[in-house]
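Enquirer: Next come the chains, spelled out residue by residue.
Protein chains: 2
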Amino acid sequence: MTGTATSLDPALHSELERLLGDRVTVSAAIREHHGQGEAYPGSFPPDAVVFPRTTDEVSRIAALCSRHRTPMVAWGAGTSLEGHVAAIKGGVTVDLSGMDTVLRISPEDLDVTVEAGVTRKQLNEALKGTGLTFFIDPGADATIGGMTATRASGTTAVRYGTMRENVLGLTVVLADGRIIKTGGRARKSSAGYDLTRLFVGSEGTLGIITEVTLRLSGVPAAVAAAVCPFETLEGAVATVIETIQLGVPVARIELLDELFMDAVAKQAGLPYRAVPTLFFEFHGGSERGVAEDAELVKELALQHGGAGFEWATDEGARARLWKARHEAYFAGLSLRPGARAMITDVCVPISRLAESILETKRDALQSNIMAAILGHVGDGNYHVAYLVDPNAPAEIAEGKRLNDRMVERAIAMGGTCTGEHGIGLGKQDSLLKEHGEAVGVMRSIKSVLDPEGLMNPGKIFRT
Amino acid sequence: MTGTATSLDPALHSELERLLGDRVTVSAAIREHHGQGEAYPGSFPPDAVVFPRTTDEVSRIAALCSRHRTPMVAWGAGTSLEGHVAAIKGGVTVDLSGMDTVLRISPEDLDVTVEAGVTRKQLNEALKGTGLTFFIDPGADATIGGMTATRASGTTAVRYGTMRENVLGLTVVLADGRIIKTGGRARKSSAGYDLTRLFVGSEGTLGIITEVTLRLSGVPAAVAAAVCPFETLEGAVATVIETIQLGVPVARIELLDELFMDAVAKQAGLPYRAVPTLFFEFHGGSERGVAEDAELVKELALQHGGAGFEWATDEGARARLWKARHEAYFAGLSLRPGARAMITDVCVPISRLAESILETKRDALQSNIMAAILGHVGDGNYHVAYLVDPNAPAEIAEGKRLNDRMVERAIAMGGTCTGEHGIGLGKQDSLLKEHGEAVGVMRSIKSVLDPEGLMNPGKIFRT
Numbered sequence: 001m002t003g004t005a006t007s008l009d010p011a012l013h014s015e016l017e018r019l020l021g022d023r024v025t026v027s028a029a030i031r032e033h034h035g036q037g038e039a040y041p042g043s044f045p046p047d048a049v050v051f052p053r054t055t056d057e058v059s060r061i062a063a064l065c066s067r068h069r070t071p072m073v074a075w076g077a078g079t080s081l082e083g084h085v086a087a088i089k090g091g092v093t094v095d096l097s098g099m100d101t102v103l104r105i106s107p108e109d110l111d112v113t114v115e116a117g118v119t120r121k122q123l124n125e126a127l128k129g130t131g132l133t134f135f136i137d138p139g140a141d142a143t144i145g146g147m148t149a150t151r152a153s154g155t156t157a158v159r160y161g162t163m164r165e166n167v168l169g170l171t172v173v174l175a176d177g178r179i180i181k182t183g184g185r186a187r188k189s190s191a192g193y194d195l196t197r198l199f200v201g202s203e204g205t206l207g208i209i210t211e212v213t214l215r216l217s218g219v220p221a222a223v224a225a226a227v228c229p230f231e232t233l234e235g236a237v238a239t240v241i242e243t244i245q246l247g248v249p250v251a252r253i254e255l256l257d258e259l260f261m262d263a264v265a266k267q268a269g270l271p272y273r274a275v276p277t278l279f280f281e282f283h284g285g286s287e288r289g290v291a292e293d294a295e296l297v298k299e300l301a302l303q304h305g306g307a308g309f310e311w312a313t314d315e316g317a318r319a320r321l322w323k324a325r326h327e328a329y330f331a332g333l334s335l336r337p338g339a340r341a342m343i344t345d346v347c348v349p350i351s352r353l354a355e356s357i358l359e360t361k362r363d364a365l366q367s368n369i370m371a372a373i374l375g376h377v378g379d380g381n382y383h384v385a386y387l388v389d390p391n392a393p394a395e396i397a398e399g400k401r402l403n404d405r406m407v408e409r410a411i412a413m414g415g416t417c418t419g420e421h422g423i424g425l426g427k428q429d430s431l432l433k434e435h436g437e438a439v440g441v442m443r444s445i446k447s448v449l450d451p452e453g454l455m456n457p458g459k460i461f462r463t
Numbered sequence: 464m465t466g467t468a469t470s471l472d473p474a475l476h477s478e479l480e481r482l483l484g485d486r487v488t489v490s491a492a493i494r495e496h497h498g499q500g501e502a503y504p505g506s507f508p509p510d511a512v513v514f515p516r517t518t519d520e521v522s523r524i525a526a527l528c529s530r531h532r533t534p535m536v537a538w539g540a541g542t543s544l545e546g547h548v549a550a551i552k553g554g555v556t557v558d559l560s561g562m563d564t565v566l567r568i569s570p571e572d573l574d575v576t577v578e579a580g581v582t583r584k585q586l587n588e589a590l591k592g593t594g595l596t597f598f599i600d601p602g603a604d605a606t607i608g609g610m611t612a613t614r615a616s617g618t619t620a621v622r623y624g625t626m627r628e629n630v631l632g633l634t635v636v637l638a639d640g641r642i643i644k645t646g647g648r649a650r651k652s653s654a655g656y657d658l659t660r661l662f663v664g665s666e667g668t669l670g671i672i673t674e675v676t677l678r679l680s681g682v683p684a685a686v687a688a689a690v691c692p693f694e695t696l697e698g699a700v701a702t703v704i705e706t707i708q709l710g711v712p713v714a715r716i717e718l719l720d721e722l723f724m725d726a727v728a729k730q731a732g733l734p735y736r737a738v739p740t741l742f743f744e745f746h747g748g749s750e751r752g753v754a755e756d757a758e759l760v761k762e763l764a765l766q767h768g769g770a771g772f773e774w775a776t777d778e779g780a781r782a783r784l785w786k787a788r789h790e791a792y793f794a795g796l797s798l799r800p801g802a803r804a805m806i807t808d809v810c811v812p813i814s815r816l817a818e819s820i821l822e823t824k825r826d827a828l829q830s831n832i833m834a835a836i837l838g839h840v841g842d843g844n845y846h847v848a849y850l851v852d853p854n855a856p857a858e859i860a861e862g863k864r865l866n867d868r869m870v871e872r873a874i875a876m877g878g879t880c881t882g883e884h885g886i887g888l889g890k891q892d893s894l895l896k897e898h899g900e901a902v903g904v905m906r907s908i909k910s911v912l913d914p915e916g917l918m919n920p921g922k923i924f925r926t
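Protein chains in written order, with my numbering: chain L, 1 to 463; chain E, 464 to 926.
Don't read these hints as lab results, they were simulated from the structure.
Don't take every hint at face value.
Okay, derived cross-link-like pairs now, BS3-like style, lysine-lysine, Cα gap no bigger than 25 Å in a straight line [to be verified]:
1. K181(L) x K909(E)
2. K433(L) x K644(E)
3. K909(E) x K446(L)
4. K644(E) x K181(L)
5. K644(E) x K446(L)
6. K786(E) x K729(E)
Start from the sequences, fold in the hints, and give me the full structure.
Expert: Written out as structure tokens, the structure is:
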């Protein structure tokens, strides 16, 4: 369903206009722009896009849409990789990007409250000079609301956790327009059901998040970055596993495989070797502390064929060491010009990481589908980019088959079909494989909070 | 309702006997034993107690009870402080203490799966020699199932988090007997709603937890303990706040006020001064690291009137330094022989901790109710023991009034009415004050998972 026709109920349209004036639009271009996120194929434009400025306006929008039985899709920055923002049943996309106020910063409590449309980079700008920072980094400059809704994480989760651990409280608008506040600013609470964690990761299917209270971290006094090429993937992964098991407080451990390193070398014109390479970041209270951490990991790496471990603490040298990692995603796409990257996202217990990655590699080699691997490996989480010809259905089918095998192996290992991207449209079958009967309980909860099925319909569950 | 009469449906009784043989009882003594936890007054014995050995048996028990519309109350070690285990509507208490197998320990992944009846001390015995430990310590030797159901924490939460952060997955029996598995062993996942966190802290009102997968921590290479008396409560709390704000990775920070210190001095016959006193524990990778942490906090304490800071790393000296803290609870009861301690449990943002504690002290002084304070102050969590004459209704009413004022202040500060004990029977009004409209959403979730209201009825919500 790609197109520009709108079937918005005219009565709803005029009620929305009465509420929002020119902040409701049925413009074809704007609807198209809101029809898809990143990576997931297909465009599903909504019938209208609204631009609320307050929680109260979101509440009124929800009440109006509910009365007209019209679907609602929350929109942050549109950086979802799993089709979360696609308006597959039409309806109204609620674009929260105008709710971009940092409402409160409390340096003494290491917490902050922001409107859902604040992006992570904007938040970190606002935190400058406070000695605090928000470390969760999914790559894209996503909104805090969107990151909350997909339970996002990224490179720093190994040290600082995911949105699950870092959201303290929420303001949420329910389908019928009710406004609730969940959680609070206390560091712990046993007061009733954990609605905060229920909405974190609910992908807009239970309500629209309008405000988020986050815990922050102190800017570390000392940071070291390191890079180390390995002769084998096994050696790199063994180094990761030992680092985690020894309890070294690494802040990031990233893996790029030989294909990504080859791509980066070619794109950047830098003398990287096309071998599996680990990137580390160490955060600590003193230069000596991070130096000790780096030297310890250097020794571990050496035992596993990682002879070229380099590390540095000054900012310029750190940026140079991490340059390949920062350029990886787009460089990877150049490995096969014209190809589409099918991005996967499994996460397994760390003891199974080597086996999981190596079997995935083996499968891909047997299939002749180019499969480049990049991982937040300290968590056991990695992404494969299967580079397929978007005009070759057989390749797309083969990419899907490889992904299915990888997901099934991950689940059999006690892992998950998605470490950080979410279910969206793409992983609904995998969710059933992973959680079985529990998916029925998820559906029950959905049915009682959104009885008409209006909140981001068709996501997480098939409708 | 205290008594020994049972009104168990005879048909249900015989069906339970067919399933469990002599592991179902209506013995008055056993029912009385299961009629109350700790601290919360009144005994509410169930009509029968059952002792299942497997998740499958729990499932069959739930299905039978559901068919006979009979309430079910889960029982672990009976150490709840808020009346969670009281069978206020009669029915069947499901005593899980026989499900006490440690099912799997995976040192390489730092995780473990246990049956719900395993206690925390039993788990730590089983972990000996693995290099790993489970740090969450609510004081009592509670079961892991009970700790999960109340979202327990204790002295180490400031470093290692609460059950919210440390439960990776659950097996849960629902009211109708369905068995679901939530979460998994991956360190992070974005696969659907976070049912794990929904059941953590649900106090037996949504289902019966039968198995728990936990993350573990490495046994620290070096530990230091410290104690420091202060001239004023303000000085002690200011030291706590600066320690947290500076990011010193303390593993425990406990406060005993002058009343508790006086009680301990008298009980133990040790030369403690009756002044507010802080107890610290530092965990680190090296003796030098924990020594640096201890010396840093020593300096902070000195600036706030804490001149007698002592610290040690060897085990005997550490035990000596912490002796007062370990004996505090029971010593506190001796402050007023014959009195009952009304135990409270607020938690506030750390910046409001001094104000919160001092106003609470002031209220108590004006009331002539003895109020001894003990706190997990690194989290902003503290407990007041109001020592009241159990036979003086006016004192009990005054204790309740003081508690209500404290809770209202805590909520107004962005805090919570319960940091770690739960709602149970005692804090249902406070829950409404704290979460307002969101309590309606909690009730909706309860209504869809337990439509007949059979799972621990009357807890969290009034029925």
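Enquirer: Determine which of the earlier numbered hints do not hold for this structure and return their numbers in increasing order.
Expert: 4
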